[in-house]
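Quick note, the sequences are listed as chains G and U, same order.
For the first sequence, position 323 matches number 323 in the working numbering, and the numbering has no gaps at all.
For the second sequence, position 10 matches number 10 in the working numbering, and the numbering has no gaps at all.
Simulated from the structure, these hints should not be mistaken for lab results.
Any given hint could turn out to be false.
Claimed, not checked - Computed cross-link-like contacts, DSS-like style, restricted to lysine-lysine with a CA-CA straight-line distance of at most 30 Å:
hint, chain 1, residue 1, chain 2, residue 2
1, G, Lys331, G, Lys181
2, U, Lys5, G, Lys385
3, G, Lys353, U, Lys151
4, U, Lys47, U, Lys5
5, U, Lys112, G, Lys388
Stated by the list, open to error - Each pair of labels, with its calculated beta carbon distance range:
hint, chain 1, residue 1, chain 2, residue 2, range
6, G, Glu343, U, Gly17, 15 to 23 Å
7, U, Tyr4, G, Ser230, 47 to 55 Å
8, G, Ala610, U, Glu50, 51 to 59 Å
9, U, Glu54, G, Ala610, 25 to 33 Å
10, U, Lys5, G, Pro469, 51 to 59 Å
11, G, Val172, U, Gly35, 54 to 62 Å
12, G, Ser139, U, Gly17, 17 to 25 Å
13, U, Glu50, G, Ala248, 37 to 45 Å
14, U, Lys5, G, Gly504, 22 to 30 Å
What the hints assert, rightly or not - Computed from the model, here is a short list of chain U residues facing chain G with C-beta under 7 Å:
hint, residue
15, Gly41
16, Phe44
17, Thr48
18, Arg68
In this text, a Cβ means the ideal position worked out from N, Cα and C, and glycines have one as well.
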Amino acid sequence: MSLSLLLEKYDVSTDEGLQKALNDIEKEEAEVDEALSGVLSRACSLEGRLRAASQAYTKLNDVKTDSQIAADMVEKTAGLARDVSAKVRQLDLARSRVAECQRRVHDLIDLQLCSAGVEAAIKAHDYETGAGHVSRFLSMDPGSVAAARARGAPDPRDAMTRAANTLREHLVRKFEEAARKEDEPSIERLFKLFPQIGRAEEGVDLLAKYLATQAEAAIRRACIVSDARSEAAVFADAVTRVVEAGGAALERARRAAAAAAPGLLHRALLAIQPAVCAGIRRIAGELVAARRLSQDPARGLSSALSAEPVLAELALTHSRISLYFSFLRRKAEVDAAPLKEAEKKASKDAVEKIIAECDLMRTAQEILGYYLALERYFLEESVNKALKLATPQVGVTTSSLVDDVFFIARKVIRRAVSAGSVDGACCVLNEVSAQLERAAGALRRWLRAPPHEPLPLGAPREARAAPDPDLVAARLLYLAHMAEAEAGADWAERLATEACGAAGVLARTAAEREKVASCAAGLGGAAAAFRAAQDLALAALTAALTPKLQAWALHLVDTANTEDMEDDADALPQALEQLTEAARAAISSRSVEALLQAALGELAARAEAAMLTGRYDRAAALRVERRARRLAAWAGGAAAGRERCARLTQAAALLALDAPQHARDALGPAPRMPAPRAKDILARRIDFKMEDIKRLKL
Amino acid sequence: MEDYKFLFKVVLVGNAGVGKTCLVRRFTQGLFPPGQGATIGVDFMIKTVEVDGEKVKLQIWDTAGQERFRSITQSYYRSAHALILVYDISCQPTFDCLPDWLREIEEYANNKVLRILVGNKTDREDREIPRHIGEDFAQRHGMYFLETSAKEAENVERLFMEIAVELMEQAKCKELPKYDGSLGPINGKTTSVGDGSCCLRS
Numbered sequence: 001m002s003l004s005l006l007l008e009k010y011d012v013s014t015d016e017g018l019q020k021a022l023n024d025i026e027k028e029e030a031e032v033d034e035a036l037s038g039v040l041s042r043a044c045s046l047e048g049r050l051r052a053a054s055q056a057y058t059k060l061n062d063v064k065t066d067s068q069i070a071a072d073m074v075e076k077t078a079g080l081a082r083d084v085s086a087k088v089r090q091l092d093l094a095r096s097r098v099a100e101c102q103r104r105v106h107d108l109i110d111l112q113l114c115s116a117g118v119e120a121a122i123k124a125h126d127y128e129t130g131a132g133h134v135s136r137f138l139s140m141d142p143g144s145v146a147a148a149r150a151r152g153a154p155d156p157r158d159a160m161t162r163a164a165n166t167l168r169e170h171l172v173r174k175f176e177e178a179a180r181k182e183d184e185p186s187i188e189r190l191f192k193l194f195p196q197i198g199r200a201e202e203g204v205d206l207l208a209k210y211l212a213t214q215a216e217a218a219i220r221r222a223c224i225v226s227d228a229r230s231e232a233a234v235f236a237d238a239v240t241r242v243v244e245a246g247g248a249a250l251e252r253a254r255r256a257a258a259a260a261a262p263g264l265l266h267r268a269l270l271a272i273q274p275a276v277c278a279g280i281r282r283i284a285g286e287l288v289a290a291r292r293l294s295q296d297p298a299r300g301l302s303s304a305l306s307a308e309p310v311l312a313e314l315a316l317t318h319s320r321i322s323l324y325f326s327f328l329r330r331k332a333e334v335d336a337a338p339l340k341e342a343e344k345k346a347s348k349d350a351v352e353k354i355i356a357e358c359d360l361m362r363t364a365q366e367i368l369g370y371y372l373a374l375e376r377y378f379l380e381e382s383v384n385k386a387l388k389l390a391t392p393q394v395g396v397t398t399s400s401l402v403d404d405v406f407f408i409a410r411k412v413i414r415r416a417v418s419a420g421s422v423d424g425a426c427c428v429l430n431e432v433s434a435q436l437e438r439a440a441g442a443l444r445r446w447l448r449a450p451p452h453e454p455l456p457l458g459a460p461r462e463a464r465a466a467p468d469p470d471l472v473a474a475r476l477l478y479l480a481h482m483a484e485a486e487a488g489a490d491w492a493e494r495l496a497t498e499a500c501g502a503a504g505v506l507a508r509t510a511a512e513r514e515k516v517a518s519c520a521a522g523l524g525g526a527a528a529a530f531r532a533a534q535d536l537a538l539a540a541l542t543a544a545l546t547p548k549l550q551a552w553a554l555h556l557v558d559t560a561n562t563e564d565m566e567d568d569a570d571a572l573p574q575a576l577e578q579l580t581e582a583a584r585a586a587i588s589s590r591s592v593e594a595l596l597q598a599a600l601g602e603l604a605a606r607a608e609a610a611m612l613t614g615r616y617d618r619a620a621a622l623r624v625e626r627r628a629r630r631l632a633a634w635a636g637g638a639a640a641g642r643e644r645c646a647r648l649t650q651a652a653a654l655l656a657l658d659a660p661q662h663a664r665d666a667l668g669p670a671p672r673m674p675a676p677r678a679k680d681i682l683a684r685r686i687d688f689k690m691e692d693i694k695r696l697k698l
Numbered sequence: 001m002e003d004y005k006f007l008f009k010v011v012l013v014g015n016a017g018v019g020k021t022c023l024v025r026r027f028t029q030g031l032f033p034p035g036q037g038a039t040i041g042v043d044f045m046i047k048t049v050e051v052d053g054e055k056v057k058l059q060i061w062d063t064a065g066q067e068r069f070r071s072i073t074q075s076y077y078r079s080a081h082a083l084i085l086v087y088d089i090s091c092q093p094t095f096d097c098l099p100d101w102l103r104e105i106e107e108y109a110n111n112k113v114l115r116i117l118v119g120n121k122t123d124r125e126d127r128e129i130p131r132h133i134g135e136d137f138a139q140r141h142g143m144y145f146l147e148t149s150a151k152e153a154e155n156v157e158r159l160f161m162e163i164a165v166e167l168m169e170q171a172k173c174k175e176l177p178k179y180d181g182s183l184g185p186i187n188g189k190t191t192s193v194g195d196g197s198c199c200l201r202s
């Protein structure tokens, strides 16, 4: 505390004040003393630390000097390394220059040797060596030649090019000579030299030309058809021979060129193809004349039967040609396999272009045209015949229309697929669909007019008279046609799947596959037509049964007493059983089922309606119930049948109750009869009181 | 299953080089490929269009015009819902052949098929068949008529859309029987195209 503060705090004018101030001062002095002694006690340790620090400082100085030395060394090393690598680079450069110099020196030496060597080789007829020289020249670094020229030497290329040209001319001449002499070993030998002198294409052209001449001769021989009037497929055989000769020539060219010059197949094909085209054009002309083909086959032929061998021959001919085309495509693929993508595509496209534009393609299309026109004629005529045979006649009980038509359809589709053309197969599928629909249409027409009582259903309480045999035959035929309609639908669907599978194999692209599928779907249209005919027949059968069903419905709810209760109750099931048996014998169980469902439904509905018009005592009601139960028992075999009869049984049970109060129990579970209808039925009992019925809670 | 309500087959016929393939390409792909090669047999394209909010799938069969493919092309007539008969307005012979084509259509196609006469290549300067001549011909033979240019995309979309609309109306009229083998008389409600008064105006 400072003096001024003390003076302010205490009144120093008084002793007391002075004393207090003194006390304070003393207290403060004591505190300061204490603090000072504390500081002094720490001085020792501080001194120790200072000593240690000064020692460390001297050591740090040593470290600094050492590290400075180390840094200098590193820097020097780096400088050295830089120098070394620069030298290495210089060395590399020098070495590569030396190598280049050496190569050029070699090239220059070779260049002299080459041009001289080629001349010498030509003189010595050693074309291999000559070609080797040219090959060496072609592989030379153009820089060497340029460098040689730059130094003022005469351009060595002129001499070399001259020599190379001379060699080429020699090779061509020799090749042509060898070709004339048909000297195969020489041809092989010379052909191999062309790629070496950088003239691979010319070599392929020459070889192909030679092979084409050879093939032409072979084709001319193959074209000869000795017995044109023979029914055997002589023209197809001739076509086979021709495409085989062409294919063999092409394969030889491909084999020869494969190693040295791949991707040149199109050049070979270009030379060989015309011979094949001309040969087949000639055969096709003779074929058309000999088989009297025309776009309107009806004029040329006496019957569908006589068309068959011609059809087979045309299909075979076309198939052979399309096989030849696939052979070409396959070979082009193999030939271009070692090339890069772009070159591969170019090479394959070139082959594809030749195929598309060659005369053989047009001939094939014409043959296909003739084939399809004749196939249509055959199909139409055969179906006409089948329809004629199947037309209903008195006394005929069976029909094989569907069998016949599908046999023809299958045969025709198979043949079309065998011809190997997607368009052809599609066309035939279209035609077959049309003819199948025609057959379905005929069935539909016949089924639209059912004979009297196509299925036997006895009338109640009536002995059956033996029916007129003609009528029986007509009924059987009607049912046979109905069964055929059903079979036709199944067949058409199966045929569509089969055709899709068989013709799908021919399709090369997704679009072609879709085309086939779409045409095969046309057979589905025919299936629908057959199904419609079947439905029509089913409806006609049900309609024909209706009068008898009505009679049976009335009989079922009849009140009159009969002598023999058992016989009476069983009469309807028996009649129905007869009907079922007769139906089963003629039509499919699926149709029988459908027919019975319809008949039972009709019968039950009519019986229930009739029940609401009668008046019953208990005995009569029991009779009705008995009959209904027997009917239900008979129908109960099938779940659907039980359902149809359930309501009728319920109604009959209600009618035969002891008392109206039991009605609640008599009403079955679902399908539960609505209460008003149940009450209506109860009201038909003469012995039930109206009030009781009205009071019922159902 | 694909999502469409109606499927119609449309078949294009006419002499070689009148532009059938170009019409189809223009409509299905929006392209006009110059230097188009001759069609081989029959080409098949599909385009689904929308009419009154309903998807209609058009199956378009583009036939080869050359004579040697006649057997193939004829087989597609029967199942066609619409036949487009195309000629080149700058090439009289293609127009002169129309009666032959009609005879073929009469022979092979369903008699209720929708028939449309199309004069293509209106972009050409050297027109040989005036518009009214084509129109008259169509009217005489109970066909719809339209002039188009596949190159300039003129009327192409319209041609196919009108066909889709018309076929859909017909289909709704008779509720499209499940199969079309009913070559016999169906009910009289089918839209007749025979009275010539229904030519499209462009």
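Evaluated hints:
1. G:Lys331 <-> G:Lys181: Satisfied, since the Cα-Cα distance of roughly 29 Å is no more than 30 Å.
2. U:Lys5 <-> G:Lys385: Not satisfied, since the Cα-Cα distance of roughly 39 Å exceeds 30 Å.
3. G:Lys353 <-> U:Lys151: 25 Å, holds
4. U:Lys47 <-> U:Lys5: 13 Å, holds
5. U:Lys112 <-> G:Lys388: Judged against 30 Å, a Cα distance of about 28 Å means the pair holds.
6. G:Glu343 <-> U:Gly17: 15 to 23 Å: 34 Å, violated
7. U:Tyr4 <-> G:Ser230: 47 to 55 Å: 54 Å, holds
8. G:Ala610 <-> U:Glu50: 51 to 59 Å: 55 Å, holds
9. U:Glu54 <-> G:Ala610: 25 to 33 Å: 48 Å, violated
10. U:Lys5 <-> G:Pro469: 51 to 59 Å: 53 Å, holds
11. G:Val172 <-> U:Gly35: 54 to 62 Å: Hint violated: Cβ distance 36 Å, outside 54 to 62 Å.
12. G:Ser139 <-> U:Gly17: 17 to 25 Å: 51 Å, violated
13. U:Glu50 <-> G:Ala248: 37 to 45 Å: Roughly 57 Å apart at Cβ, these two residues miss the hinted range, so it is violated.
14. U:Lys5 <-> G:Gly504: 22 to 30 Å: Hint holds: Cβ distance 28 Å, inside 22 to 30 Å.
15. Gly41: With a minimum Cβ separation of about 3 Å from chain G (threshold 7 Å), the hint on Gly41 of chain U holds.
16. Phe44: 5 Å, holds
17. Thr48: Violated. Min distance 14 Å.
18. Arg68: It holds, given that the least Cβ distance between Arg68 of chain U and chain G is near 5 Å, below 7 Å.
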